[in-house]
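Protein chains: 2
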Amino acid sequence: MNITAPPSERRVALDSVDAVVRLIFKTAGLSDANASIVSQAVLSAQLRGTRSHGLVRLPYLVDRLVQGGANANGYPTVLTEKAAIAVVDGDRALGPIAARIGMEIAIEKAKHTGIGAVTVRNSDFVGTCAHPAMQACSAGMIGLVWTNGHPGMAAWGGAERAIGNNPLGIAVPRGGEPPIVLDMAMSVSAGGRIRLYAESGKPIPADWAINAEGQPTSNPEEFILGGSLLALGHKGFGLAVIGEILAGVLAGARILSEVPEWFRIPEQPIGNGHFLMALDVAAFIDKSTFEARVSELVTTLTGSKVVAGAAPVRLPGARGNELEAEQRKMGLSLDQKSEANLLELADTLKISREVENLLQTVEEVGR
Amino acid sequence: MNITAPPSERRVALDSVDAVVRLIFKTAGLSDANASIVSQAVLSAQLRGTRSHGLVRLPYLVDRLVQGGANANGYPTVLTEKAAIAVVDGDRALGPIAARIGMEIAIEKAKHTGIGAVTVRNSDFVGTCAHPAMQACSAGMIGLVWTNGHPGMAAWGGAERAIGNNPLGIAVPRGGEPPIVLDMAMSVSAGGRIRLYAESGKPIPADWAINAEGQPTSNPEEFILGGSLLALGHKGFGLAVIGEILAGVLAGARILSEVPEWFRIPEQPIGNGHFLMALDVAAFIDKSTFEARVSELVTTLTGSKVVAGAAPVRLPGARGNELEAEQRKMGLSLDQKSEANLLELADTLKISREVENLLQTVEEVGR
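As you go down the protein sequences, you meet chains U and E in turn. Everything in the first sequence is counted per the numbering used here, starting at 298 for the first residue and increasing by one. Everything in the second sequence is counted per the numbering used here, starting at 298 for the first residue and increasing by one.
Hint data in this document are derived by calculation from the structure and do not stem from the laboratory. Honestly, I wouldn't trust all of these hints.
If chains are identical, the list can't say which one is meant, so a pair holds when it fits in one copy or spans any two.
Listed below are the simulated DMTMM-like cross-link pairs for lysine to aspartate or glutamate, each with C-alpha atoms no more than 25 Å apart in a straight line [said to hold, decoys possible]:
hint : residue 1 : residue 2
1    : LYS408    : GLU378
2    : LYS634    : ASP644
3    : LYS584    : GLU378
Just chain U, with the same shape it has in the complex:
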């Protein structure tokens, strides 16, 4: 069952969709360079199958720029630094811009010292943490990105929203192969996924959410009406607390209920924070040895015995890597809702003709 699959989709050249998204962000006030950074972040999520952070988020991001909650001219700067760390003020730029700069700094530090860590405060919605984490891989480094966010999750044993599900992204470079990519939030399920169940009128598993009275519920509407996400056990809650401390407290950012629900208040700053880290593999161990040993690990685990008829074991990010490779080859799979979003945004921003011209279906290949 793939509940995220929309009823109808068509294939559009990735470059064309990228051109559309860049045009939309430029029209909403971003520089060429920043429009390109944000487009890459949004399209990375879309390509890798994390559609909740892909094109469906565009109207909200544009709204934040237009209404002023996010700063279209935001220019993240370093507030303080040491040889291997830096603290960045995000200047209310869109999250992917601050994260891109933060990870660039972490990578530069790591080139000299072996590891670099950067905190970002005064930021905005960052998108997937996997995307800036993968940025480190192009430099031969392991990337780690943690963010805090609006509290939609109950504390472990709690009955009300108390903490963000604080997503974590970790990416491991594999030389010529696509990276290993862990991209996880600390709740059992994401809120966006529960909203999709609500739209489909389907019940949710009993361990995903509690209602406003703190009782388990399988009704997604009860979650939406003031319920809370459930943590991935006390361990998931523990990790969310650590994420809140690294990305929030250590960054000097807003924490817990100080962080508003970003897509509901486009005119207000979010002010959340991120923690970004790059580990230079070559500082620890010969790079080719590392890659060979990671390959060994992948081969062993994916070859691990499964029960008769079960799907083979997959490593974190394997599905995302496959979806991305397929769409880069065959064209981006554009669903109706995302396309409607693009056209509506184009209309609002008075760039309808340009956008319509760009969104041509790729010649159907093997569909």
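Following the hints, put chain E in place on chain U, whose structure we already have.
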């Protein structure tokens, strides 16, 4: 239900138990300094309620020294380093010794660069990761320690033992208050806990383990007879993979099935690895601001609403902090099995009289 609570216990002065444990390790070949380091690690686990890594492990650790799998004269050395990282060869010293040195180096690096990361290869059983992580807190730093280990857990979707449950410890300093301490393995439950269920003849929850055929089982004996631990969902498996890469591959250590089950082969090296990291809070943010904000976070989360009659929300490490404070004040609670272990070891090592003299019951206070 506290399944780990033994039927009968008595209180012994912590210093006396420490003296006994140090004497045992010195007699087994460790230097004064190293005996003290290992005793601290074992007693920290015992004091904090992680008894599976406490005094019950002593016979196995001593056996490793006596049979030669661990090197009583092991002298961990730095193989390579940069400003903020180092790679350590553990020289088959007991894990707590290598971890102590690794974290010391990480802390020294972090004092200068803001963050320090150290990998250790050629190591041995490390005990709880929380203990070396907390070492960072005394220097005002956030500590993170990850280890790999013998594969007792199935890959997500797998039907056989494939990867360690790769414990992670993270400790956050709180000035005068006890630290926040996350101490978690990536399986739903630890193997040691399932063994305790087996001893009590109690069934285990259905999501803890699979049997040798890869089928879920509530019979703890079926886990022991070739079954596998289950990961904390695909996210827990993903984290175990990252732990295997950081503590194993990046460290140049043994990985997956190369790592033997440490307590079964006292005459063979384990050769697993660790990843240790220290983050200097003061490099990022004013220390008093950090502590005030962490306190705010603790107050908010522990004050979070619970359903009527439920226990209040606790933060990671809260129970361990309470147990440790209570036992430091009232004396260490020595259960019969641990005491029998101590006396048997004393007998084997021909130090019975000294040990018996040291193990005097503390005057009963308020029990």
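Evaluation of the provided hints:
1. Taking CA atoms no more than 25 Å apart as the test, LYS408 paired with GLU378 passes in both settings, with 15 Å inside one copy and 13 Å between copies.
2. In this assembly of identical chains, LYS634 and ASP644 lie within 25 Å of each other by CA distance solely inside one copy; the values are 15 Å within and 75 Å between copies.
3. Proximity of LYS584 and GLU378 under a CA criterion of 25 Å is satisfied inter-copy only: 15 Å between copies versus 28 Å inside one chain copy.
Checked against the numbered hints above, the structure breaks none of them.
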